[in-house]
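Residue strings, one per chain:
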Amino acid sequence: MSKYTEDDLKIELENKEYEYGFYTDIESDTFPVGLNEDIVRAISKRKEEPQWMTDWRIESFRAWKEMTEPEWANVHYEKPDFQAISYYSAPKSKSKYASLDEVDPELLETFKKLGISIDEQKALAGVAMDIVVDSVSVATTFKKTLSEKGIIFCSISEAIREYPDLVKQYLGTVVPQKDNFYAALNSAVFSDGSFCYIPKGVRCPMELSTYFRINQAGTGQFERTLVIADQGSYVSYLEGCTAPSRDENQLHAAVVELIALDDAEIKYSTVQNWYPGNKEGHGGVFNFVTKRGLCEKNAKISWTQVETGSAVTWKYPSCVLKGDNSVGEFYSIAVTNNFQQADTGTKMIHLGKNTKSTIISKGISAGKSQNSYRGLVQIGSRAENARNFSQCDSLLMGNNCGAHTFPYIESKNPSAKIEHEATTSKIGEDQVFYCNQRGIPTEKAIALIVNGFSKDVLNKLPMEFAVEAQKLLEISLEGSVG
Amino acid sequence: MLQIKNLHASVEDKEILRGINLEVKAGEVHAIMGPNGSGKSTLSAVIAGNENYEVTDGKVFLDGEDLSDLSPEERAHKGIFLSFQYPVEIPGVSVTNFMKTAINETRKANGKEEMPANEMLKLIREKSELLEIDRKFLSRSLNEGFSGGEKKRNEIFQMAMLEPKLAILDETDSGLDIDALRIVANGVNKLKSEKNAVVVITHYQRLLDYIVPDFVHVLYKGKIVKSGGKELAYELEEKGYDWIKQEQEA
Numbered sequence: 103m104s105k106y107t108e109d110d111l112k113i114e115l116e117n118k119e120y121e122y123g124f125y126t127d128i129e130s131d132t133f134p135v136g137l138n139e140d141i142v143r144a145i146s147k148r149k150e151e152p153q154w155m156t157d158w159r160i161e162s163f164r165a166w167k168e169m170t171e172p173e174w175a176n177v178h179y180e181k182p183d184f185q186a187i188s189y190y191s192a193p194k195s196k197s198k199y200a201s202l203d204e205v206d207p208e209l210l211e212t213f214k215k216l217g218i219s220i221d222e223q224k225a226l227a228g229v230a231m232d233i234v235v236d237s238v239s240v241a242t243t244f245k246k247t248l249s250e251k252g253i254i255f256c257s258i259s260e261a262i263r264e265y266p267d268l269v270k271q272y273l274g275t276v277v278p279q280k281d282n283f284y285a286a287l288n289s290a291v292f293s294d295g296s297f298c299y300i301p302k303g304v305r306c307p308m309e310l311s312t313y314f315r316i317n318q319a320g321t322g323q324f325e326r327t328l329v330i331a332d333q334g335s336y337v338s339y340l341e342g343c344t345a346p347s348r349d350e351n352q353l354h355a356a357v358v359e360l361i362a363l364d365d366a367e368i369k370y371s372t373v374q375n376w377y378p379g380n381k382e383g384h385g386g387v388f389n390f391v392t393k394r395g396l397c398e399k400n401a402k403i404s405w406t407q408v409e410t411g412s413a414v415t416w417k418y419p420s421c422v423l424k425g426d427n428s429v430g431e432f433y434s435i436a437v438t439n440n441f442q443q444a445d446t447g448t449k450m451i452h453l454g455k456n457t458k459s460t461i462i463s464k465g466i467s468a469g470k471s472q473n474s475y476r477g478l479v480q481i482g483s484r485a486e487n488a489r490n491f492s493q494c495d496s497l498l499m500g501n502n503c504g505a506h507t508f509p510y511i512e513s514k515n516p517s518a519k520i521e522h523e524a525t526t527s528k529i530g531e532d533q534v535f536y537c538n539q540r541g542i543p544t545e546k547a548i549a550l551i552v553n554g555f556s557k558d559v560l561n562k563l564p565m566e567f568a569v570e571a572q573k574l575l576e577i578s579l580e581g582s583v584g
Numbered sequence: 084m085l086q087i088k089n090l091h092a093s094v095e096d097k098e099i100l101r102g103i104n105l106e107v108k109a110g111e112v113h114a115i116m117g118p119n120g121s122g123k124s125t126l127s128a129v130i131a132g133n134e135n136y137e138v139t140d141g142k143v144f145l146d147g148e149d150l151s152d153l154s155p156e157e158r159a160h161k162g163i164f165l166s167f168q169y170p171v172e173i174p175g176v177s178v179t180n181f182m183k184t185a186i187n188e189t190r191k192a193n194g195k196e197e198m199p200a201n202e203m204l205k206l207i208r209e210k211s212e213l214l215e216i217d218r219k220f221l222s223r224s225l226n227e228g229f230s231g232g233e234k235k236r237n238e239i240f241q242m243a244m245l246e247p248k249l250a251i252l253d254e255t256d257s258g259l260d261i262d263a264l265r266i267v268a269n270g271v272n273k274l275k276s277e278k279n280a281v282v283v284i285t286h287y288q289r290l291l292d293y294i295v296p297d298f299v300h301v302l303y304k305g306k307i308v309k310s311g312g313k314e315l316a317y318e319l320e321e322k323g324y325d326w327i328k329q330e331q332e333a
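Protein sequences, first through last, are from chains E and B. Numbering of the first sequence is given in our numbering, commencing with residue 103 and proceeding in unit increments. Numbering of the second sequence is given in our numbering, commencing with residue 84 and proceeding in unit increments.
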């Protein structure tokens with residue numbers, strides 16, 4: 103009898119090399135390794151930034167030097183040597199492209215390998231993409247349609263040059279320079295990222311999408327994203343990431359700030375698939391991200407994330423519910439396999455009256471990985487009638503992985519209502535056999551079970567993204583978890 | 084269609100089946116009865132290829148083909164269906180999605196194209212009517228929060244959808260009230276044809292009033308100790324299993 107047990111699956115899974123582990127050979131312009139004020143100034147100069155920006159970076163750098171790396175997360179790794187990293191890398195072709203024909207064909211080939219060719223994306227439901235490859239935006243599409251509505255969607259570098267007032271007004275207001283170690287580092291050396299502004303009352307007609315990709319060996323990636331939704335506006339923003347297979351650990355410390363002014367709504371969706379390291383736990387991306395959104399009156403921010411990659415993840419997309427009646431949502435699927443470690447969750451800070459938040463977190467652990475949910479629900483003293491609902495579910499595969507839940511609740515207002523539910527389950531042999539008996543092979547059965555488990559979150563993703571997310575779930579757990 | 088020859092099987096080194104011989108021909112209904120612990124469920128699990136049971140001797144054939152080396156899904160693709168005594172829950176996977184996956188995987192394995200959506204819908208409508216299943220039920224998560232009766236009815240619905248060659252109903256009557264029993268039995272009877280066969284595993288004679296067997300076998304301590312027509316079921320009902328036990332121990 104051909105026995106195909108969960109153990110066989112695990113072995114197959116561990117042998118599965120990173121699907122997107124290829125490396126694009128594009129000439130890059132890379133800074134020498136190390137970090138000091140000169141490097142910070144050089145980054146700023148290379149990006150032709152105004153003095154105020156340079157000063158802001160220097161201020162951040164000085165703060166960072168005084169800070170120490172946080173150790174409270176439930177992850178264990180060798181700390182990166184910050185003097186052994188190159189802080190700037192950009193594809194050599196410097197000028198912006200007027201059309202896709204001018205883009206380096208190898209770069210386009212990279213996107214094709216990812217199955218997200220720009221042409222395809224263009225055809226897909228009008229997705230405009232600001233593509234970030236190794237820190238510099240090389241192509242921006244649909245800009246014209248957007249600009250007709252007064253929407254600004256460009257690289258943060260361009261925004262600093264073209265819209266300095268907006269950037270100055272909002273940059274660092276949600277995630278201050280000194281917020282935490284990695285946010286300070288990012289503020290000092292951020293290389294590029296995206297900027298988005300939706301004017302008053304405008305509903306962005308398409309999903310805005312950025313594909314990030316780490317592409318130079320030993321290059322830290324410090325993305326900075328700023329999204330501002332002016333009063334009564336709406337935007338749905340998609341962020342997807344993959345990275346080539348590299349040997350040394352790569353540091354990624356991004357900062358994302360969202361500002362939803364009165365009555366505005368921002369939906370921010372992420373699919374993250376960075377190199378998780380090989381089956382021995384060697385290599386892989388360190389992902390230390392600070393993502394936070396601020397809601398003014400009646401505003402709403404939804405974070406949806408599908409996290410399948412990175413060796414170590416440290417990420418808590420959060421909402422500050424400052425305005426009365428504002429709403430924060432966090433929907434997350436985090437998959438860990440082999441030696442991956444994830445400590446992820448959210449913070450919902452209720453400051454305004456009648457504020458509401460929902461947290462749905464689905465953790466899937468396989469191999470020898472550790473998957474932690476860490477969440478904070480904080481109700482301020484003025485937040486009358488604040489409501490929170492949290493649900494944290496963990497799915498385990500095999501006997502060598504771990505799932506952990508760290509929910510923190512702080513309430514300073516007696517009218518608050520906070521609910522927390524948590525479950526832990528294992529994919530059972532009996533579930534797999536049941537599927538087998540109906541003609542569904544084991545691998546497909548596990549994919550089905552995992553998708554069922556993740557359904558509540560997958561349903562929150564925009565349609566075209568959900569398909570990609572499902573594919574990623576299958577790839578990262580192929581053999582073992584679909 | 085189904086041939087079982089000298090089948091021995093054990094679980095965790097404990098021998099449960101001790102030389103089963105059985106032949107089921109197309110168009111026939113067989114009932115397997117027996118006291119608790121006689122090996123009824125083990126027999127169904129082994130036929131379906133559950134790898135928790137080790138076949139230590141003997142073979143199972145379907146249409147002359149030895150099933151020994153086939154995985155559970157391969158057996159399913161060849162037309163073996165098992166209605167579980169305790170169907171498992173799969174949260175977040177709707178009955179419809181599950182059935183669609185099962186049907187298309189089976190078609191794929193048999194070299195056929197996926198079933199077009201409109202055909203699938205038609206089939207679902209037809210079969211849910213047969214089992215008197217509310218369509219809303221089909222978008223619920225598989226077996227999650229189902230009552231005992233709903234689970235069993237859902238098993239037979241799946242059988243109707245998959246149209247197996249050989250259906251094994253493992254204690255399908257347990258947990259059913261009399262109305263549900265009638266609906267389920269009715270469904271099975273309508274699916275019966277000259278080309279397929281049904282093996283009904285049951286503790287009680289009750290179900291056999293509705294699904295009338297051509298043959299009844301009594302399983303005791305891992306062996307078929309008595310075979311006969313449907314009247315054997317009545318005899319068992321009347322005399323109880325002690326009669327068999329006494330006869331065997333004597």
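If you're looking for bench data, these hints aren't it; they were derived computationally from the structure. The beta-carbon is built from N, C-alpha and C at its ideal position, and this holds for glycine as well. Wrong hints could be hidden among the right ones.
[Unchecked claim] No more than 20 angstroms apart at the CA atoms, straight line, and that leaves these computed lysine to aspartate or glutamate pairs for EDC-like:
(1) Lys280/E with Glu150/E
(2) Lys557/E with Glu227/B
(3) Lys191/B with Glu545/E
(4) Lys219/B with Glu545/E
(5) Lys528/E with Glu134/B
(6) Lys108/B with Glu227/B
[Said to hold, decoys possible] Computed footprint of chain B on chain E, listed as stretches where at least three residues anywhere in the stretch have a Cβ under 8 angstroms from a Cβ of chain B:
(7) 166-177
(8) 259-271
(9) 534-540
(10) 555-564
[What the hints assert, rightly or not] Residues of chain B clear of chain E, computed beta-carbon distances all greater than 12 angstroms:
(11) Lys97
(12) Glu156
(13) Ile186
(14) Met203
(15) Asn279
(16) Lys306
Results for each hint:
no.	hint	result
1	Lys280/E with Glu150/E	violated (24 angstroms)
2	Lys557/E with Glu227/B	holds (15 angstroms)
3	Lys191/B with Glu545/E	holds (15 angstroms)
4	Lys219/B with Glu545/E	violated (29 angstroms)
5	Lys528/E with Glu134/B	holds (19 angstroms)
6	Lys108/B with Glu227/B	violated (36 angstroms)
7	166-177	violated (count 0)
8	259-271	violated (count 0)
9	534-540	holds (count 6)
10	555-564	holds (count 4)
11	Lys97	holds (19 angstroms)
12	Glu156	violated (5 angstroms)
13	Ile186	violated (8 angstroms)
14	Met203	holds (15 angstroms)
15	Asn279	holds (16 angstroms)
16	Lys306	holds (23 angstroms)
Against the hints set out earlier in the document, violations occur for numbers 1, 4, 6, 7, 8, 12 and 13.
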